[in-house]
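Novice: Here is how the chains run, residue by residue.
There are 2 protein chains.
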Amino acid sequence: MTTPLRLGIAGLGTVGAGVVKIVRQKANLLADRAGRPVTITAVSARSRDKDRGVNISAYAWEDDPVALATRDDVDVLVELMGGSDGPAKAATEAALAAGKHVVTANKAMLAYHGQALAEAAEAAGAALRFEAAVAGGIPVIKALAEGLAGNDITRVMGVMNGTCNYILTRMQSAGLPYEDVFEEARKLGYLEADPSLDVGGIDAGHKLALLAAIAFGTRVNFGAVALEGIERITIDDIRHADHLGYRIKLLGVAQMTGRGLEQRMSPCLVPKHSPLGQLEGGTNMVVLEGDQVEQIVLRGPGAGEGPTASAVMGDIIDIARGARMPVFGVPAADLTQATSARTTAPAPYYLRMALEDKPGALAKVATVLGDAGISIDRMRQTRHEARTAPVLIVTHSTTRAALDEALAAMTGLDVIAQPPVALRIETA
Amino acid sequence: MTTPLRLGIAGLGTVGAGVVKIVRQKANLLADRAGRPVTITAVSARSRDKDRGVNISAYAWEDDPVALATRDDVDVLVELMGGSDGPAKAATEAALAAGKHVVTANKAMLAYHGQALAEAAEAAGAALRFEAAVAGGIPVIKALAEGLAGNDITRVMGVMNGTCNYILTRMQSAGLPYEDVFEEARKLGYLEADPSLDVGGIDAGHKLALLAAIAFGTRVNFGAVALEGIERITIDDIRHADHLGYRIKLLGVAQMTGRGLEQRMSPCLVPKHSPLGQLEGGTNMVVLEGDQVEQIVLRGPGAGEGPTASAVMGDIIDIARGARMPVFGVPAADLTQATSARTTAPAPYYLRMALEDKPGALAKVATVLGDAGISIDRMRQTRHEARTAPVLIVTHSTTRAALDEALAAMTGLDVIAQPPVALRIETA
Chain A
1 MTTPLRLGIA GLGTVGAGVV KIVRQKANLL ADRAGRPVTI TAVSARSRDK
51 DRGVNISAYA WEDDPVALAT RDDVDVLVEL MGGSDGPAKA ATEAALAAGK
101 HVVTANKAML AYHGQALAEA AEAAGAALRF EAAVAGGIPV IKALAEGLAG
151 NDITRVMGVM NGTCNYILTR MQSAGLPYED VFEEARKLGY LEADPSLDVG
201 GIDAGHKLAL LAAIAFGTRV NFGAVALEGI ERITIDDIRH ADHLGYRIKL
251 LGVAQMTGRG LEQRMSPCLV PKHSPLGQLE GGTNMVVLEG DQVEQIVLRG
301 PGAGEGPTAS AVMGDIIDIA RGARMPVFGV PAADLTQATS ARTTAPAPYY
351 LRMALEDKPG ALAKVATVLG DAGISIDRMR QTRHEARTAP VLIVTHSTTR
401 AALDEALAAM TGLDVIAQPP VALRIETA
Chain B
1001 MTTPLRLGIA GLGTVGAGVV KIVRQKANLL ADRAGRPVTI TAVSARSRDK
1051 DRGVNISAYA WEDDPVALAT RDDVDVLVEL MGGSDGPAKA ATEAALAAGK
1101 HVVTANKAML AYHGQALAEA AEAAGAALRF EAAVAGGIPV IKALAEGLAG
1151 NDITRVMGVM NGTCNYILTR MQSAGLPYED VFEEARKLGY LEADPSLDVG
1201 GIDAGHKLAL LAAIAFGTRV NFGAVALEGI ERITIDDIRH ADHLGYRIKL
1251 LGVAQMTGRG LEQRMSPCLV PKHSPLGQLE GGTNMVVLEG DQVEQIVLRG
1301 PGAGEGPTAS AVMGDIIDIA RGARMPVFGV PAADLTQATS ARTTAPAPYY
1351 LRMALEDKPG ALAKVATVLG DAGISIDRMR QTRHEARTAP VLIVTHSTTR
1401 AALDEALAAM TGLDVIAQPP VALRIETA
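From first to last, the protein sequence lines are chains A and B.
Numbered according to this note's numbering, the first sequence spans residues 1 to 428.
Numbered according to this note's numbering, the second sequence spans residues 1001 to 1428.
With the rest of the complex left out, here is chain A (with noise of 0.2 Å):
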C-alpha cells in the first residue's frame, strides 16, 4: 500500500504545531512505520499569519474547519481545535459525513457528543479516535481498547488532569496557599481559558467518562460523574494530610457495581509513598483492572506539544496502517444505558470544619456522626485565636450515603461557621 494517507489538520495551536513538525521531520520513519507515506494537504486555524515555528506555506489553507473536513484530497481529519461543540464538532460530523476519517484530541466533543459521533463515524465506516483526548502521551485508550479487549474490565482510576496535580504538589512542596499557586499556574500557561475547566475537575471528569464508556461497553455519560474540584483545598488539608502520611490528589474513579456504574472525580487522600500519591506535577497516572490481567499502572505526561502530538501520531499510523475498530471499542449501537450508581465501597473520610467556639459544639458534630453510624478514628481541633476552631476529624470507614446523612445533618447545626470539607481516603 503506498498510496499516501493525507491529513488535513483543524487547529494550529502547540499539539497542532507539533503533528506538522513531526509529519516534516519523521517522514521516512512514519512511512516505514505506516506502511505509506504520511503527507499533510491542507490546515485550518484562526490565524494564518501567526508565527508557529513551523513552515505552513506547503499546504493548502482553509478558513473554515469544515471546508478542510470535506476536501477531496483530505482523508483524515486532524481536529485539534478543542471545544465540545462550534466548529470542532462542525468539522468532526462533516468530515464523517463525507466518509473521512478523524483523529482528535477533544475530551469535551467526545464526553458530550461521543454516543452520535461514534454511531456517525461506524455509520460511515470510517475511524473516530482519541488517544490524545486522555491522558496525554499514554496510550491508555489503546491498552485498555484493545490490548485488555480480553478482559472483563472491573475499575478504571487515574490522575489525569496534570494542572491539578501540580497544583496540589506545588502547594505541598512549597507551602504555599491554593490561591497563590493557582495564580502561578495562571501565569505559566497552565491553565484552561476557563480554569473551572481544571480546578473543577471538569477535565478529568470528561476523560474518566470515555474511559469508562469502553471499560464498561456503556454509553458515555459525563453528566452522571460524581464531580468535585479541588477550589476548596486548603494548604492547612495539605498539612494535615502530610501528617497523616496522605497526599491529595484529584482521584477518578470509575467501576461497575451490582447497582450501576460508579463514576466519580474528587480531591483523595491517597498513601504519600504510594504509586499515586508520587506522582508529581503534571504526570498523569492511569490505574487499570481486569480479572484477568488483575492491574496495570499507566504512568506519562498528561499533556504538552510532544506527548499528545505522539497520541495523534499513534492514531495517525494505525489508520495508515488499516486498522478499523469501533470508537468505543464496541459497536456504538451496543453500549448499554447503564444505571448510574453513587460511591458503595466503604472508606474512611477526612473530615475538616471550622465550629463556632462555644461550649457542647464538638460534641454536637461528635453526636451527628454517631447518628449516622459513623465511628471517629481521630479528632483534632487545632489552636486558634479567631472566634471559629478549625476541627479535623478522620473517620473510620463508612460509606458515603451514612456521610452525606451526617454532612446534610451538619448544615442544620448551629455551631457549624464553616461547612465541612470531606475528602475520601483511598487505601488500596
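Since the hints were made in silico from the structure, they are not lab data.
A virtual CB, placed ideally from N, CA and C, is assigned to each residue, including glycine.
One should not assume that every hint holds.
What the hints assert, rightly or not - With beta-carbon atoms standing in for the labels, derived distance ranges:
#1 B/R1259 <-> A/E192: 54 to 62 Å
#2 A/K187 <-> B/A1345: 33 to 41 Å
#3 B/T1234 <-> A/P346: 42 to 50 Å
#4 A/V54 <-> B/E1192: 48 to 56 Å
#5 B/A1333 <-> A/E192: 41 to 49 Å
#6 A/G13 <-> B/G1125: 39 to 47 Å
#7 B/A1098 <-> A/P346: 51 to 59 Å
#8 B/T1427 <-> A/P195: 32 to 40 Å
#9 B/G1223 <-> A/A27: 30 to 38 Å
#10 B/E1192 <-> A/T344: 42 to 50 Å
With the hints as your guide, set chain B onto chain A.
Specialist: Using the frame of chain A, we list chain B on its own:
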C-alpha cells in the same frame, strides 16, 4: 464481518488453559469487541487426558502441533508450547507457510528466529504477534510499536523477569540468603525447568532483545545483549545496597548511541524509593522513552495464567478486527543490522570483593582503580574472622571501559581472594 475467527491452540499448560477458559466464558464479550465470533477448533498438547480444569472435549485433537497449525479449519495458530526450536518453531513455520496467523508467548523462539519468522509472516501476509512474550499482562509491545509509533525511541528499560524480582525482593524482606530463596522459588514453581533461563538473565534478555528490535528498527540480536545473572548476588549485597539507599534489580536497558546499539541485562542498584526500587515480587515494569513522549512507565504482572492469557487474547482480538502490521513495527526487510556497542554512559559502580588479610591489600586495589582513572566515593572493609576480608567500594561515576580495565587488572593481584562483583548504580 461475522465469519468466526478459528483458533488452533498448541500447548495446554497454564496459559493455554487460561486462553481456553476466556474463549469459552466470554464468547459474547469477545464477539462484540472483535466484531466476529472467536472460536476454538482444535487443540494439541503433550498429554490428551491431563486434567486442566477446562473441558476440551468439544475441540478436535491433534497429537502433532504441525498438523494442528495447517488444518483447514484453523485461522490462527496460538503457540503456547515454548522452547526456541522443536515443535514450537516447526508449528509456527508451518502455520505461516500456510498463510495462517500466529499468536505466541514464545520469547526464546523470537529471540533466536525473529527475523526469519517475521520475513515468513510478511511474505505470507499473515500476522505474527507476541504481546505475551514480553512483560506478561502489560501491553508493552502495543504501546511501543503502535502507541509510540510517532516517536524516535531513545531508550527502553525494565524489570522483566518476575522470578528474579521475587528472589531479590524476598532476600531483602526476609533477610534470607540467595540459596534459600532460590530453593523457595523452585518449590513454588516460579523457576523454569532450566533455572539459568531465569536467574542467568537469559529470559529477560530475550525480552529486551525483542523490545530493542521494535524500538530501534533493528534485527533482533539477542547475542549482543550483555548478560549478567543474579546468581552472585548475596544477602550482604542486598544489605549494603539497602544501607546506601538502594535496591538491587535485574534491570535491562537498550539504547541507541552514536557508537551503536547498547543492550544490557544485569543486576543494578536503583534508588529504593524510585518506582523501579519499589517494584515487588513478580511485578514487571517497563520504561519507554521517546523524543516526543518523554517517558512512559508501564507496570503490571509479568507472568501467570490470567495476565499472560490476557495478552494472548489482545493479540487474537486485534487479528479478528483485521489489524495488520509488520512483525517488528517496520517491514522485516527494513530492519537494520545494528552495530552492537558496550555501555558508554558513565555511572557509579558498587564493587564487592574479598581480599587476603595481608598488609597493603587494600592499597593495591585502590591503586588499580586509580590507575584506571576511577575515583572512590566510599570504601569499607567490614569486620571478619576468616583469613579474608570483605571489602565494599562505591566508585564515583566512571565508564564501563575503565571499570573493565580495573577489574581485569585486579584478577592479576595476589591479594584478591574472591573476584569482585561489580554492579552499576542507575540513578536516572
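Novice: Now, for every hint given, state plainly whether the structure supports it.
Specialist: Here is how each hint holds up against the structure:
1. B/R1259 <-> A/E192: 54 to 62 Å: violated (45 Å)
2. A/K187 <-> B/A1345: 33 to 41 Å: holds (37 Å)
3. B/T1234 <-> A/P346: 42 to 50 Å: Because 46 Å falls inside the window, the suggested range holds.
4. A/V54 <-> B/E1192: 48 to 56 Å: Holds - the Cβ-Cβ distance for A/V54 and B/E1192, about 51 Å, lies within 48 to 56 Å.
5. B/A1333 <-> A/E192: 41 to 49 Å: holds (47 Å)
6. A/G13 <-> B/G1125: 39 to 47 Å: holds (41 Å)
7. B/A1098 <-> A/P346: 51 to 59 Å: With Cβ atoms ~56 Å apart, the hint holds.
8. B/T1427 <-> A/P195: 32 to 40 Å: Hint holds: Cβ distance 37 Å, inside 32 to 40 Å.
9. B/G1223 <-> A/A27: 30 to 38 Å: holds (33 Å)
10. B/E1192 <-> A/T344: 42 to 50 Å: Because 43 Å falls inside the window, the suggested range holds.
The structure is inconsistent with hint 1 alone, although it conforms to all the rest.
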